[in-house]
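Trainee: Here is what each chain is made of, one letter per residue.
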Amino acid sequence: MKTNESCVISPENQSVQIRHLEDIQSRPSCLRGKGVTKIFGTGGKQTVAVDHVDFDFHEGELVSIVGESGSGKTTLSKMLLGLLNVTEGEIFYQGKLRDISTAKKKREYWKGIQAIFQDPFSSFNVFNKIDTVLLDCINMCGGRHFSKEKKIELMTEACCFVNLKYAELTNKYPFELSGGQMQRLMIARVFLLKPKILLADEPTSMIDACSRATILDMLLHLRDETGMTILFITHDIGLSYYISDDVYIMEHGKFVEHGTADEVILAPKADYTKRLISDVPKIYEPWDLSTVKY
Amino acid sequence: MSKTVLEVRGLTTKYITRFHEDVYAVDDVSLTIEEGKSLGIAGESGCGKSTLALSLMGYYFAPLHYISGEIIIDGKSISGMDPDTVRKTVLGTEIAYIPQSAMNALNPTCKTRKFIQDVIHAHDPHADNKQISELAESRFAELGLPASVLDRYPVELSGGMKQRTVIAISTILKPKVLIADEPSSALDVSSQKMVIKMLRDLMDKGYIRAMIFITHELPLLYNVTDDIMVMYAGQIVEKGTAREMVFDPVHPYSRGLMHSIIVPEQGTRNKKLSAIPGTPPNLKKPPEGCRFAERCKYVVPQCRYNTLPMIEFEGTRTYRCGHSIQHLKEVYRCEDE
Numbered sequence: 350m351k352t353n354e355s356c357v358i359s360p361e362n363q364s365v366q367i368r369h370l371e372d373i374q375s376r377p378s379c380l381r382g383k384g385v386t387k388i389f390g391t392g393g394k395q396t397v398a399v400d401h402v403d404f405d406f407h408e409g410e411l412v413s414i415v416g417e418s419g420s421g422k423t424t425l426s427k428m429l430l431g432l433l434n435v436t437e438g439e440i441f442y443q444g445k446l447r448d449i450s451t452a453k454k455k456r457e458y459w460k461g462i463q464a465i466f467q468d469p470f471s472s473f474n475v476f477n478k479i480d481t482v483l484l485d486c487i488n489m490c491g492g493r494h495f496s497k498e499k500k501i502e503l504m505t506e507a508c509c510f511v512n513l514k515y516a517e518l519t520n521k522y523p524f525e526l527s528g529g530q531m532q533r534l535m536i537a538r539v540f541l542l543k544p545k546i547l548l549a550d551e552p553t554s555m556i557d558a559c560s561r562a563t564i565l566d567m568l569l570h571l572r573d574e575t576g577m578t579i580l581f582i583t584h585d586i587g588l589s590y591y592i593s594d595d596v597y598i599m600e601h602g603k604f605v606e607h608g609t610a611d612e613v614i615l616a617p618k619a620d621y622t623k624r625l626i627s628d629v630p631k632i633y634e635p636w637d638l639s640t641v642k643y
Numbered sequence: 031m032s033k034t035v036l037e038v039r040g041l042t043t044k045y046i047t048r049f050h051e052d053v054y055a056v057d058d059v060s061l062t063i064e065e066g067k068s069l070g071i072a073g074e075s076g077c078g079k080s081t082l083a084l085s086l087m088g089y090y091f092a093p094l095h096y097i098s099g100e101i102i103i104d105g106k107s108i109s110g111m112d113p114d115t116v117r118k119t120v121l122g123t124e125i126a127y128i129p130q131s132a133m134n135a136l137n138p139t140c141k142t143r144k145f146i147q148d149v150i151h152a153h154d155p156h157a158d159n160k161q162i163s164e165l166a167e168s169r170f171a172e173l174g175l176p177a178s179v180l181d182r183y184p185v186e187l188s189g190g191m192k193q194r195t196v197i198a199i200s201t202i203l204k205p206k207v208l209i210a211d212e213p214s215s216a217l218d219v220s221s222q223k224m225v226i227k228m229l230r231d232l233m234d235k236g237y238i239r240a241m242i243f244i245t246h247e248l249p250l251l252y253n254v255t256d257d258i259m260v261m262y263a264g265q266i267v268e269k270g271t272a273r274e275m276v277f278d279p280v281h282p283y284s285r286g287l288m289h290s291i292i293v294p295e296q297g298t299r300n301k302k303l304s305a306i307p308g309t310p311p312n313l314k315k316p317p318e319g320c321r322f323a324e325r326c327k328y329v330v331p332q333c334r335y336n337t338l339p340m341i342e343f344e345g346t347r348t349y350r351c352g353h354s355i356q357h358l359k360e361v362y363r364c365e366d367e
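Same order as they appear, the protein sequences are chains A and B. So in this note's numbering, the last spot in the first sequence is 643, and the numbers never skip. So in this note's numbering, the last spot in the second sequence is 367, and the numbers never skip.
It cannot be assumed that every hint is accurate.
Said to hold, decoys possible - Pairs of lysine to aspartate or glutamate residues, derived as DMTMM-like cross-links and limited to a Cα-Cα distance of at most 25 Å, are as follows: (1) Lys642/A <-> Asp234/B; (2) Lys227/B <-> Asp628/A; (3) Lys235/B <-> Asp550/A; (4) Lys642/A <-> Asp278/B; (5) Lys227/B <-> Glu164/B; (6) Lys642/A <-> Glu172/B; (7) Lys302/B <-> Asp611/A; (8) Lys642/A <-> Glu167/B; (9) Lys314/B <-> Asp400/A; (10) Lys67/B <-> Asp637/A; (11) Lys623/A <-> Glu167/B; (12) Lys206/B <-> Asp234/B; (13) Lys631/A <-> Glu186/B; (14) Lys327/B <-> Glu551/A; (15) Lys235/B <-> Asp637/A; (16) Lys227/B <-> Asp611/A; (17) Lys301/B <-> Glu600/A.
No wet-lab data here; the hints were simulated from the structure.
Just chain A, with the same shape it has in the complex (with noise of 0.2 Å):
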């Protein structure tokens, strides 16, 4: 058992990340998409929110998808976690075809791909304790015959590793946890899981700045850890550059622009792109605010 002074991520013993993944376009693919489409409403009403979408994402990549409100960012993740029917086209995942037609071919899925979402006040059942949410995840990823001790252990595992303290923690309600603290566990829920695919919903734009860089580190450190994918879906290009290594940047539901994160930010192509990166306020350049249109 790891002790809570090895595993705590300060910035003294913190690991320099692997930032750039050189043999990533090698690596299988793990979620493959080709002309996905959602069309939402019939008839003379519909609204397409996403529109012939392709992607390839690998094992152990960090993408991130890029795009203002209303771009269908939400809506893809959805489709991607089973969660909305996609109108049309096709998602391999690894390397075959998604099949969720039943509810335990469902479940099944869900065994390979996880979820952070935007508001942790609303990520728990607020009638279960802490221990209650992370003993369900031990339990749902076989470790329902493990004996206490060894449950205890994997909890403490799992807390040290969000730098949360599990003793602290026990016989309390999610909601006596502050946000920060809420996404963390969210991530210790994750760590326990070890899905092949995590897909993270704005995990940061509900929380402060300060405990924002803490999240994102824990996502790179657990992406190195485990080597699982990571999908980042943020309407902040800021965030995108820092943590991954593919961006795709959305808008009206299509992808106008896909590649590295150096790439696209620092040599954007798409006039879109562009404009989200000068809307960035930044510090070392002047905001222009003379060209705002209503």
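Assemble the complex: chain A is given as a structure, and chain B must be docked to it using the hints.
Mentor: Chain B only, in chain A's frame:
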């Protein structure tokens, strides 16, 4: 010398919980804002930014209670007034507030035009509906909002549009001071820019005379406000101009905040972000001495029991720390090297 619009001296307010415990959320806060200036307040969640905003309006209702201090708007003291008088004579005309979640600030069952009429009737029951409509239309046009918004329900507006509508409504009576409490945190970058442009327009056109902008996004504050004040656990820890605070923060906490900035610029990617470890203190039992001592890298034993006052330096700046300015600068210089 320009005129002072808002002056606050030693404001202390507390929450009284169900179990009769006192939570000192705003502790001895003093600030002044001059005509045409804006002040940014930064700090992490739970440090008392929003409570300070509520306290500044002089509008106290349980569990928030006023303890001491003075709030002076344009020469008139509003502290100690009863809530009903404050609501009728101060809110909207002297000081206005933009809440964090504009999405919930509008009435879902009435159109914007009706909502504006209600707002104005609350201050002047005899106001003519036609004149109100004309005022609303001209103000919306000046602020770049389409007139069609007036005849729509809030559900028909996008998030950014709702936020701008709320701003237009809260400043319709030309308040002297506007408090914007994280008006852009829930918006994407493009809508955020529109909201900021609108706030700047309001200042430039003279509809508001001073502004307080609360957020945890420091690059945003740097681009929007003239001065920045950093709060920690209910107290001000450092105050200075935006430039000084971003490029040369003195207090260890302000420095920690500046180091957690992420912007899409070359060099961000390989920079190590230094998050401040630990959690803020429990304000039910605030620690004696420096409140930041528990999380501070440069803590020395006397930090934990010496009560710290705000110390002035370089003429205009103030900070609250047990270490001398020379010592801190020396330590930072060594660290950077």
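Trainee: Each hint needs a verdict: does it hold in this structure or not?
Mentor: Hints, one by one, checked against the model:
1. Taking the CA atoms of Lys642/A and Asp234/B, the gap is about 17 Å. The hint holds against a cut of 25 Å.
2. Between Lys227/B and Asp628/A the alpha-carbon distance is near 12 Å, which keeps this suggested pair within the 25 Å criterion.
3. Proximity of Lys235/B to Asp550/A is assessed by CA-CA distance (about 40 Å); at most 25 Å being required, the pair is judged violated.
4. Annotation: proposed proximity of Lys642/A to Asp278/B is violated, straight-line Cα distance about 34 Å (limit 25 Å).
5. With a CA separation close to 23 Å, the supplied pair Lys227/B and Glu164/B stays within the 25 Å bound.
6. The suggested pairing of Lys642/A with Glu172/B holds, with an alpha-carbon distance near 13 Å, which does not exceed 25 Å.
7. The hinted pair formed by Lys302/B and Asp611/A meets the criterion: a straight-line CA distance of about 17 Å does not exceed 25 Å.
8. For the suggested pair Lys642/A and Glu167/B, the alpha carbons sit about 19 Å apart, so the restraint of at most 25 Å is met.
9. Distance restraint check for Lys314/B and Asp400/A: the Cα-Cα separation of roughly 53 Å exceeds the 25 Å cut-off, and the hinted pair is therefore not satisfied.
10. For the hint linking Lys67/B to Asp637/A, the alpha-carbon distance of about 19 Å falls within 25 Å, and the restraint holds.
11. For the hint pairing Lys623/A with Glu167/B, the CA-to-CA distance comes to about 34 Å; that exceeds 25 Å, so the pair is violated.
12. With a CA separation close to 13 Å, the supplied pair Lys206/B and Asp234/B stays within the 25 Å bound.
13. At roughly 32 Å between alpha-carbon atoms, Lys631/A and Glu186/B are farther apart than 25 Å, so this suggested pair is violated.
14. Of the pairs offered as hints, the one joining Lys327/B and Glu551/A is violated, with about 31 Å between alpha carbons and a cut-off of 25 Å exceeded.
15. Annotation: proposed proximity of Lys235/B to Asp637/A holds, straight-line Cα distance about 19 Å (limit 25 Å).
16. Restraint check: the Cα-Cα separation between Lys227/B and Asp611/A comes to about 30 Å, which exceeds 25 Å; the hinted pair is violated.
17. The hinted pair formed by Lys301/B and Glu600/A fails the criterion: a straight-line CA distance of about 29 Å is larger than 25 Å.
Of the numbered hints listed earlier, those contradicted by the structure are 3, 4, 9, 11, 13, 14, 16, 17.
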